[in-house]
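Participant: With the hints as your guide, set chain U onto chain V.
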Amino acid sequence: MKKNMGLRVRHGIGYAVASIIALISLFPLAWMFLASFKTKSEVLATPLKLLPVNWISTNYKAVFLSTQNPLLQAMTMTLLVAALGVVLSLFINMMASYVFARLEFYGKKLLWAYCILTMYIPGLTILITSYLVVYELSMINTFWVLLIPGLAGGYNIFFFRQFFLNVPASLEDAARIDGCGRFRIFIKIFLPLSTTPMVVQGAGIFIGYWNSFLWPSMTVTDKSIQQIMPIIRSFQTDHGAEYGRIMAATCVAVIPPIVLFMIFQKYIVKGFVLSGLK
Amino acid sequence: MNMKPSIKKLTYTKIQRNDMRVAYLMLLPAVALLGIFVVTPLVMSVQRSFYDWNFYKDSVFVGLDNFRVIVVNKSFQRAVVNALKFVAILVPLQIVVQFAFAHLLCSLSKRFSNTVKTAIYIPGIIAGIIAGIIFMFIFEYKGGLVNQLLTSLGLDRIAFKNNGFWAMISIIVPSVWLGFGGGTILNYAGLISVPGEYYEAASIDGAGSVSKLLHITLPQMKNIFVLQCINMTTGTLQMLELPMIMTSGGPRESTLTPMLYMYNNFKNAGQSMGQTIAGALLMMILIALLNSFIFKVIKSEKSIEG
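From first to last, the protein sequence lines stand for chains V and U.
Just so we're aligned, residue 5 is where the first sequence starts under the numbering used here, counting upward by one.
Just so we're aligned, residue 25 is where the second sequence starts under the numbering used here, counting upward by one.
Next up, chain U with everything else stripped away, as it sits in the complex:
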């Protein structure tokens, strides 16, 4: 190591400088695309929410008026409440069902469970549009599968589109179907990665299967549950295709979702876009709040268990 320190430093910085230039060049496409198609629209959303405008008329600055109007807009209110209902039903329902089925698969032979996993994963790659169409056919009033089965059992047909409760069910069923395989596989992976020694130690201490589930399995699955809760909540709050196809948001807006509300406003160009965007920003805040709430609740449970 007799090299002169100054030369060493010089060459080092030269390489480093060169690396930096390459780094910026290689980052450029991704950073630029995100800037143009994600960050710019976000900045524009904030800016445009202060203006009264639509695709036919010029913008007028109105301050916070759009927010004031949208929060008391009946359709928007219903859409938000519906979305929260969907979250309250779909998130716990899916987590329980997927976890339970993954738990069952863990007790079966590896070859068998692999086949089952492949089969249940397939619906997960089906488009929302197509899932909607298939289930619309299954829930068809006169000749649909469900109503045919009901009538053959001597029961009344269900008008899925005319009743708020059944309209919701008709959206929940395909949602569960679409997410079932992927969620189960994720849970399965989490379950098999719980160290076996934990269970052995618990058995020695005389713990039963319920106590093992409560004190080992569920706490070990916490990260997966957080991930699932956050993904499902974010996704459910932005549901579009299923309500659009199954119910068009009806009856009487009982299954209207915020995304469908915005999509309809967009298609109906006379609608105030300023208000629509104000609503979209409020939804972003709602999503962020709900996610941080989920994060906090599940994390605090962890700290209690120590």
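Bound conformation, chain V alone:
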């Protein structure tokens, strides 16, 4: 009986600690959200106030009306790049994965090694020469430089190959007998079977595009196509200590990934684990 009590107390403490840590984890985001409604004098005022005295919207107005850093335009542009990026990247990488999982051809091992080894090249090592490559291709300051260089990825090829290896051969054989070509089989059988991994990897690809800062800030100076993170950074440097405004900008910029996460939450958490355990 006594032992039971002790166990219950310990369990109670466990729940309390876990709840507190979850709240601490979310706190910076809540703090950002609250600050975005505070006035300039209130946001860094002593003594500290948790909630805004008057919830103001001027910070958001300033963000949306900024012509120096067109936030809404940047968001639209980034959404476009990220959405296209997800579709094209999934298609290109999954096609390669299918080939590696299902077909036999000369040089298969070599090409597989080639695709996989690219995963181990650190971004930092090819940072400046990647710029030189897109410069030579006249892609600087274009929409394409934001989209194309990140499309193919060794990790995605690896991930989907693992998945395709587990698709039963009988499904494919039946289609072969009906005279289906390999590409049709890929489109008609393998793509529809992969919705879960597609959501998982697709969300990751989307967030990768959405959060990218370094590459767009190196290759694009034209603010009409600039991506959201460089715009946020430039908004922040322009506004110094006006944290209300800056927090309003960051609040807007975190909405798409958070909404996406909420919609696909179950898949993403599960899939994150799957991809990690392999």
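No wet-lab data here; the hints were simulated from the structure.
Any given hint could be a false lead.
When the alpha-carbon atoms are kept at most 25 Å apart in a straight line, the in silico BS3-like pairs for lysine-lysine are as follows [claimed, not checked]:
| # | chain 1 | residue 1 | chain 2 | residue 2 |
| --- | --- | --- | --- | --- |
| 1 | U | K134 | U | K236 |
| 2 | V | K113 | U | K38 |
| 3 | U | K38 | V | K112 |
All figures in this text were calculated on a predicted structure; none of them were measured in a lab.
Facilitator: Relative to chain V, chain U alone:
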């Protein structure tokens, strides 16, 4: 099976040949893109590291001079040492914290732990730029949250940007915050996949919870730890956004990272790009060496335990 073998063979190879053509066509986009945007830059990095050049002047072949100069460059040296410090702190710290919290979650009800997992995962999808800005606000000298709390407790304010130690802390905190949820979930998945019979058998043998942790849980988690160590090391050595926003690499380059060093050189077009690239290649070697070291250490432990 009365078919003539020759016909059978012929049709087989025809299909096979056709398959091969399709295979190459379907591989083409991925292979070409990787070739243009990954392999070509790597080859160019190697080639360009032997030349003295920047965006304004022509290339001159200088052999290994760039490497000789960059290894004695004070800023680059500091950046590498700082990055190694960050690795030495962040990798063990994050692994312990994430493992401990995952362990705690395992003892709680499934519904509750699922809610907690969702909550802690959200920071993981926040951009480095935004995390940097939020924590810059929290660590603000005069009116920031941390300093307000300190002064209300009668303590001195901390000038996070002016002190090398606190500057490092101001980068470590958001790094841990960003990685916490994902890492915990990964650890949690590893923990619940340890077969329950192992623990039962150990209980019968009279093993305590510490001994179970040491002899069952930790060895079973080895693969996850390897994966985490390698990912964290590789990521930490290439940190950019957080130091850029929180400290700009200061004070006195005490939080300058190799990536920030290179980014600054890139933005400052008069800098020698040959030397910068030589440094980048050295970083690649360092990353490879550290990762193979991690792999070896953790693997050899496994073999000791048999």
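Participant: All the hints need checking, so say for each whether the structure fits it.
Facilitator: Going down the list of hints, with the structure as the test:
no.: 1; hint: K134/U x K236/U; verdict: holds, 22 Å
no.: 2; hint: K113/V x K38/U; verdict: holds, 22 Å
no.: 3; hint: K38/U x K112/V; verdict: holds, 19 Å
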